[in-house]
Amino acid sequence: MKVLNPKIDRSNKVISIQGLKKAFDDFEVLKGVDLDLYQGENLVVLGRSGTGKSVLIKIIAGLLRPDEGVINVLGQEVDKLTPKELDRLRLKIGFSFQNSALYDSMTVYENLEFPLVRHMKELSKADRDRSIEEVLEAVGLSQSINQMPSELSGGQRKRIGIARTLILRPEIMLYDEPTAGLDPITCLDINNLINEVQRRFNTSSIIITHDLTCARAVGDRVVMLLDGQFQREGTFDEVFSTQDERVKAFYNYNFID
Amino acid sequence: MDPSNNKSGRKYVLSRRMDRIFIELASIYAFIARFFKEVFVPPYEFREIIRQCYEVGVRSLPLISLTGFIIGIVFTNQSRPSLADLGATALLPALISVAIVRAMAPLVTALIASGRVGSGIGAELGSMRVTEQIDAMEVSATNPFKFLVVSRVLATTLMIPALTMYTTFVALMGGFVNVSQNELTSLTTFFTQVFDAITFLDIISSSVKSVIFGFTIGMVGCYKGYNSSKGTEGVGKAANSAVVTAMFLIFIEELLILQIVNAIRGI
Numbered sequence: 000m001k002v003l004n005p006k007i008d009r010s011n012k013v014i015s016i017q018g019l020k021k022a023f024d025d026f027e028v029l030k031g032v033d034l035d036l037y038q039g040e041n042l043v044v045l046g047r048s049g050t051g052k053s054v055l056i057k058i059i060a061g062l063l064r065p066d067e068g069v070i071n072v073l074g075q076e077v078d079k080l081t082p083k084e085l086d087r088l089r090l091k092i093g094f095s096f097q098n099s100a101l102y103d104s105m106t107v108y109e110n111l112e113f114p115l116v117r118h119m120k121e122l123s124k125a126d127r128d129r130s131i132e133e134v135l136e137a138v139g140l141s142q143s144i145n146q147m148p149s150e151l152s153g154g155q156r157k158r159i160g161i162a163r164t165l166i167l168r169p170e171i172m173l174y175d176e177p178t179a180g181l182d183p184i185t186c187l188d189i190n191n192l193i194n195e196v197q198r199r200f201n202t203s204s205i206i207i208t209h210d211l212t213c214a215r216a217v218g219d220r221v222v223m224l225l226d227g228q229f230q231r232e233g234t235f236d237e238v239f240s241t242q243d244e245r246v247k248a249f250y251n252y253n254f255i256d
Numbered sequence: 000m001d002p003s004n005n006k007s008g009r010k011y012v013l014s015r016r017m018d019r020i021f022i023e024l025a026s027i028y029a030f031i032a033r034f035f036k037e038v039f040v041p042p043y044e045f046r047e048i049i050r051q052c053y054e055v056g057v058r059s060l061p062l063i064s065l066t067g068f069i070i071g072i073v074f075t076n077q078s079r080p081s082l083a084d085l086g087a088t089a090l091l092p093a094l095i096s097v098a099i100v101r102a103m104a105p106l107v108t109a110l111i112a113s114g115r116v117g118s119g120i121g122a123e124l125g126s127m128r129v130t131e132q133i134d135a136m137e138v139s140a141t142n143p144f145k146f147l148v149v150s151r152v153l154a155t156t157l158m159i160p161a162l163t164m165y166t167t168f169v170a171l172m173g174g175f176v177n178v179s180q181n182e183l184t185s186l187t188t189f190f191t192q193v194f195d196a197i198t199f200l201d202i203i204s205s206s207v208k209s210v211i212f213g214f215t216i217g218m219v220g221c222y223k224g225y226n227s228s229k230g231t232e233g234v235g236k237a238a239n240s241a242v243v244t245a246m247f248l249i250f251i252e253e254l255l256i257l258q259i260v261n262a263i264r265g266i
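Protein chains in written order, with numbering that gives the first Met the number 0: chain A, 0 to 256; chain B, 0 to 266.
Keep in mind that the hints were calculated from the coordinates and are not lab data.
Do not take every clue at face value.
In silico DSSO-like links for lysine-lysine, alpha-carbon gap of 30 Å or less [said to hold, decoys possible]:
| no. | chain 1 | residue 1 | chain 2 | residue 2 |
| --- | --- | --- | --- | --- |
| 1 | A | K20 | B | K229 |
| 2 | B | K145 | A | K83 |
| 3 | B | K36 | A | K79 |
| 4 | A | K30 | B | K229 |
| 5 | A | K91 | A | K6 |
| 6 | B | K36 | A | K83 |
| 7 | A | K120 | B | K145 |
| 8 | A | K91 | B | K36 |
| 9 | A | K79 | B | K145 |
| 10 | A | K20 | A | K79 |
| 11 | A | K91 | B | K145 |
| 12 | B | K36 | A | K120 |
| 13 | A | K12 | A | K91 |
| 14 | A | K247 | A | K30 |
To spell it out: a stretch of chain A is covered by chain B in this simulated footprint if at least three of its residues, at any positions, have a beta carbon under 8 Å from a beta carbon of chain B; those stretches are [to be verified]:
| no. | region |
| --- | --- |
| 15 | 81-93 |
| 16 | 109-123 |
Some chain B residues flagged as far from chain A (calculated, every beta-carbon gap over 12 Å) [claimed, not checked]:
| no. | residue |
| --- | --- |
| 17 | I20 |
| 18 | E23 |
| 19 | A29 |
| 20 | A87 |
| 21 | F194 |
| 22 | I197 |
| 23 | E232 |
Small disclaimer: the values here were computed from a predicted structure and weren't measured.
Ideal placement from N, C-alpha and C gives every residue a C-beta, glycine not left out.
Here chain B stands alone, though its shape is the one from the complex:
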């Protein structure tokens, strides 16, 4: 008899599902704990960290540049009618800067990176797992966790904040192009208004947020790839799951950090 057809059977199925969830949570905890244990212990894989920084940072620049610039233009264009109704188009640079620095640049950069970098890490490590490359590293007395996971998580944690700063600049330039065409504002005036509108707390919270997003993207991609199984199907699942999970976590983190920053602001 199918155990799920009666009451005790349903309890049994539910209990097994709960078991799986708790085992997964314990496994995630152990993975994160191992990262913090290994990140400070030599030998340090500097060459691999630099290679990964290049992969995450430099290779993301074209996509980030295009997306950031377009977002700056579109956001400015969409905001203008509302401000024009109030006769406040002069506030456009301030509005753009607050929106981009506080929320849009960190969020857009993280979402693009989770799509480009997170899925890449998930697929690469997943493929290495199913083709026994990770086992090969282990039997040759090289710590695969340190070489593959620590280097990638460090790279995303360092590079996403740098990319966020770059996105902020590019998006503001996009906003300036739109503002200068419509309001005939000069670059100096535009950036004076931009810097007047943002505070030290905005910059700090944006930087901290992007560090957390970077850590999340690297950690999720590595966890999904490192623990993938079931052949090539598992590689696809690892890549897909790395993106979906990272994006979901990024939105949750955004919400939590927003609450904390608002509490600091006294809102």
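Pulled out of the complex, with its shape left as it was, chain A reads as follows:
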């Protein structure tokens, strides 16, 4: 069980979502979602596959447009921003994709250098190299700097994906299924890394997962998405102390009681 981060600032909302609705054709995925993320907090969004968890964070990052609702990120309403304003906001958001989304024609070094070359043009080559070494050291993969993504294991790819988002020092981290498809030991490493990122880089994070071990290990607060709305909210134990059969089934399946 995670020890609550003492640095959480409950007076400072970095993300605030009200009445978010999103449908694809006739299928309504999100049916009026309200959500707040506080400064320094790790918020876990739990839910079954296809319940719209990834859609939620893609809307926050401006990759998808909401049908209805207000999405406020770091004081800015995402769907009202111009492309340039959205790009400036995106520099403060790190997005770790489910399949890492490393650029497979580039080496690890080039993957990490890619955002730096574009957004920190003032940095010299030596400074860029220092930043790359620092994030690689933070994710524990300094030795992989010259490898191609295809030469890395699933866990290593996840770590490099996280390193690539960290290199621009984001204020908010969005993790999409960070432990999906990994073995239990590697999952443990990724969970520790998420907590380490929170401590070391002072980020606020939303972690999308259906892995309860991950939720328990990294979440300061947990919300559960059921039928397009958040049905449960609180600490991990509070969320699962319920008689709701849907929630109990989710717990039992994960921990095989």
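Start from chain A and add chain B according to the hints.
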């Protein structure tokens, strides 16, 4: 009841198909318009453009060399009997040069490039789309359209004309090898006859045509790849569709440009 089983149902299905066609056309128009909007606006991705020029141009050279040379030999060999019947084998260099410069070099280069380059672009961008690499670029505040699409379309538009010139030269050399073996013509005489037969309009129309073919190959490959979906199946479809569509459009463009050039010639 299946709506397609009655008259109004058939109308409904037809209307949905028409909708899809118009939506696709609007989407293609928006894609091309976005290219022209973004190509002139900084930042310019010079490094990526040069890398793509190398991929399209230099890496196509072995295939283009072999194909161009063989086409030159085969075309000369196949044309000889017809000219020999008329006692006009001396006109072979002129015939070869007109055929190669006006039609064969641009067309063959474009068809080879659409197979090699167009399918590669479709597959690469399709794979990047389904593995969320394009989304990753977007959330890191990099314009994926400019980095991926503009650079590739510029590369094909610049490199296909260069490759066409090279194909022309190689095919003419193939023709010369055949002519020199059979008619004992020297290189100087051969190329004198070649240049006497072609006009400024031939060279200009061939160059303009290859620019249009290059643009088509890049644009079709990028459009199909950038908008692919449905996982790995979508990647295969994007690559296949990029080749088929580009080849189809190249033949249509060839026909249209031929009509325009003939009108200029007054034929």
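Now the hints, each set against the structure:
Pair hint K20 of chain A plus K229 of chain B holds up; C-alpha atoms about 24 Å apart against a cutoff of 30 Å. Between the alpha carbons of K145 of chain B and K83 of chain A the distance comes to roughly 14 Å, so the proposed pair stays at or under 30 Å and holds. For the hint linking K36 of chain B to K79 of chain A, the alpha-carbon distance of about 22 Å falls within 30 Å, and the restraint holds. Between the alpha carbons of K30 of chain A and K229 of chain B the distance comes to roughly 25 Å, so the proposed pair stays at or under 30 Å and holds.
A distance of roughly 19 Å separates the Cα atoms of K91 of chain A and K6 of chain A; the hinted pair therefore holds under the 30 Å criterion. Taking the CA atoms of K36 of chain B and K83 of chain A, the gap is about 15 Å. The hint holds against a cut of 30 Å. Proximity of K120 of chain A to K145 of chain B is assessed by CA-CA distance (about 18 Å); at most 30 Å being required, the pair is judged to hold. Taking the CA atoms of K91 of chain A and K36 of chain B, the gap is about 27 Å. The hint holds against a cut of 30 Å.
A threshold of 30 Å between alpha carbons decides the hint, and for K79 of chain A with K145 of chain B the separation of about 23 Å falls inside it, so the pair holds. Of the pairs offered as hints, the one joining K20 of chain A and K79 of chain A holds, with about 16 Å between alpha carbons and a cut-off of 30 Å not exceeded. Pair hint K91 of chain A plus K145 of chain B holds up; C-alpha atoms about 22 Å apart against a cutoff of 30 Å. With a CA separation close to 24 Å, the supplied pair K36 of chain B and K120 of chain A stays within the 30 Å bound.
A distance of roughly 15 Å separates the Cα atoms of K12 of chain A and K91 of chain A; the hinted pair therefore holds under the 30 Å criterion. Proposed proximity of K247 of chain A and K30 of chain A is supported: the alpha carbons are some 22 Å apart, at most 30 Å. Taking a C-beta to C-beta cut-off of 8 Å, the region 81-93 of chain A contributes 5 residues in contact with chain B, enough for the three needed, and the coverage statement holds. Remark: the region 109-123 of chain A is confirmed as covered by chain B, as 4 of its residues place a Cβ nearer than 8 Å to a Cβ of that chain, reaching the required three.
Separation of I20 of chain B from chain A is adequate, the least Cβ-Cβ distance of about 19 Å exceeding the 12 Å criterion. For E23 of chain B, the non-interface assignment is confirmed: its Cβ lies about 17 Å from the closest Cβ of chain A, beyond the 12 Å cut-off. For A29 of chain B, the condition that its CB be more than 12 Å from all CB atoms of chain A holds, with the nearest at approximately 15 Å. For A87 of chain B, the non-interface assignment is confirmed: its Cβ lies about 53 Å from the closest Cβ of chain A, beyond the 12 Å cut-off.
No beta-carbon of chain A comes within 12 Å of the beta-carbon of F194 of chain B; the shortest separation is about 43 Å. With a closest Cβ-Cβ approach of about 41 Å to chain A, I197 of chain B is found to remain outside the 12 Å limit, as its non-interface label requires. The non-interface label for E232 of chain B is consistent with chain A: the shortest C-beta to C-beta separation is roughly 17 Å, beyond 12 Å.
In the structure shown, no violation is registered for any of the earlier numbered hints.
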